[in-house]
Structures are given as structure tokens and as C-alpha cells.
Amino acid sequence: MSSAVHALPRRATGAVRRLADVTGRATGSRDYSPREPVPLRGYAALAGAYAGAVAAFALGMRAAGRPLPERVPLPDLLLLGIASHKASRLIAKDRVTSFLRAPFVRREGEISASEVMDVPRGEGVRRTVGELVACPFCVSLWVSGALVGGFVAAPRVTRLVASTLACVTVSDWAQYAWSLTQQKAE
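All letters in the sequence shown, in the order written, are residues 1 to 186 by the UniProt record's numbering.
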């Protein structure tokens with residue numbers, strides 16, 4: 001592997017810090033929202049970390065002599081999309097995965113039989129990560145990136161994982177349909 005690939009994490013970390021600092025100064029993050037502080041530096045750091053991870057993955061694939069695909073076939077794209085939806089909700093809302101979110105969020109209440117409402121807590125990185133892990137729409141970019149990366153690097157294993165998540169999604173809808181049918185019958 002080239003020295004550029006080995007040096008990427010240290011360079012990426014410095015670049016993410018610089019991007020966060022520049023973003024904080026350039027946007028006037030204190031003046032951005034009159035109602036509440038918005039962690040723009042944290043958002044910039046997360047965006048930089050995501051971009052760095054994608055770049056590291058692409059460089060790693062290139063260094064391994066494995067070309068990236070020109071496209072993802074539509075059936076796989078649909079499977080990965082459904083799996084991303086389910087994994088994102090599992091991470092951000094499921095009661096059983098609360099231990100993953102607990103360092104960054106506070107329990108606000110319950111949404112349904114299996115889902116909870118958490119709100120970010122703390123300041124700085126802690127709050128920014130809390131906003132990420134408590135929001136299925138926010139965490140879905142990271143989950144989708146991981147699933148697509150997995151599909152490129154190990155398609156069979158990724159299809160197996162994605163198929164399991166898709167089956168859980170179908171099962172969830174069947175459970176909701178069953179419950180609704182029972183309620184209407186009573």
C-alpha cells in the first residue's frame with residue numbers, strides 16, 4: 001500500500017479540524033440561529049469525516065487493484081435502500097439499541113411499541129453526534145455509505161445482511177397491518 005494511503009487518516013483529521021474551524025468562523029455560527037445554538041463546526045467535522053471515509057475507501061480499493069463499479073444494479077439498489085431504511089431506524093429509534101445512543105442523547109419518551117424519542121444532550125462533539133444518532137434521516141447517509149461500500153467490497157455478505165434487514169422491514173409492516181386489522185375487528 002502506498003504511503004499516501006497510510007497517511008490519509010492523520011491528514012484527514014487535520015483537514016476535518018481545519019474545515020470545522022473555517023466553517024465556524026465563515027458562517028458566524030453564533031449568529032446562524034437566533035433561537036438556539038447550532039453546532040455548525042460539529043456538522044462540518046461530521047461531513048469532513050464522512051467525505052474522508054469515502055475517500056479512504058476509494059483509495060483503499062484502488063490500492064488493492066479493485067475498480068469501483070460504474071453503477072449498482074437496480075435490484076441491489078432497492079435492497080440496499082430498504083436495508084438502509086431499517087438499519088437507520090434501528091440505530092436511531094429502536095429501544096434495544098438505546099445503549100448505542102445513551103452517551104449522546106437523553107430519553108424524551110416513546111413513539112410506539114418498539115421506538116423511542118431521544119434528544120441530543122451536551123455540547124460540542126457530544127451534541128453533534130447525538131443529533132446524528134437520534135435522527136434516522138441523518139444517520140441514513142452513514143448507513144447507506146457503509147452498505148454500498150460493503151456491496152462493492154463484499155457483495156455476497158452485504159446482500160445477506162441487507163436481505164435480513166429487508167425481511168425485518170416486511171415483517172414490521174405485516175405486524176402493523178395485523179395490529180390494525182385486529183383493532184378494526186374489535
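Any given hint might turn out to be false.
Ranges of calculated distance between the beta carbons of each label pair, as one might list FRET restraints [said to hold, decoys possible]:
1) LEU74 with PHE137: 15 to 25 Å
2) PHE137 with ARG62: 29 to 39 Å
3) VAL157 with VAL54: 11 to 21 Å
4) PRO103 with ALA174: 28 to 38 Å
5) ASP31 with ARG62: 37 to 47 Å
6) ARG107 with PHE137: 14 to 24 Å
7) PHE137 with GLU110: 28 to 38 Å
8) LEU68 with THR169: 41 to 51 Å
9) TYR32 with ASP172: 30 to 40 Å
10) GLY145 with ILE111: 17 to 27 Å
11) ALA64 with CYS167: 29 to 39 Å
It should be emphasised that the hints constitute simulated quantities derived from the structure, not laboratory data. Ideal placement from N, C-alpha and C gives every residue a C-beta, glycine not left out.
Okay, the hints, checked on the actual structure:
no.	hint	in the structure
1	LEU74 with PHE137: 15 to 25 Å	holds (23 Å)
2	PHE137 with ARG62: 29 to 39 Å	holds (31 Å)
3	VAL157 with VAL54: 11 to 21 Å	holds (20 Å)
4	PRO103 with ALA174: 28 to 38 Å	holds (34 Å)
5	ASP31 with ARG62: 37 to 47 Å	holds (42 Å)
6	ARG107 with PHE137: 14 to 24 Å	holds (20 Å)
7	PHE137 with GLU110: 28 to 38 Å	violated (20 Å)
8	LEU68 with THR169: 41 to 51 Å	violated (27 Å)
9	TYR32 with ASP172: 30 to 40 Å	holds (37 Å)
10	GLY145 with ILE111: 17 to 27 Å	holds (26 Å)
11	ALA64 with CYS167: 29 to 39 Å	holds (31 Å)
Checked against the numbered hints given earlier, the structure breaks hints 7, 8 and satisfies all the rest.
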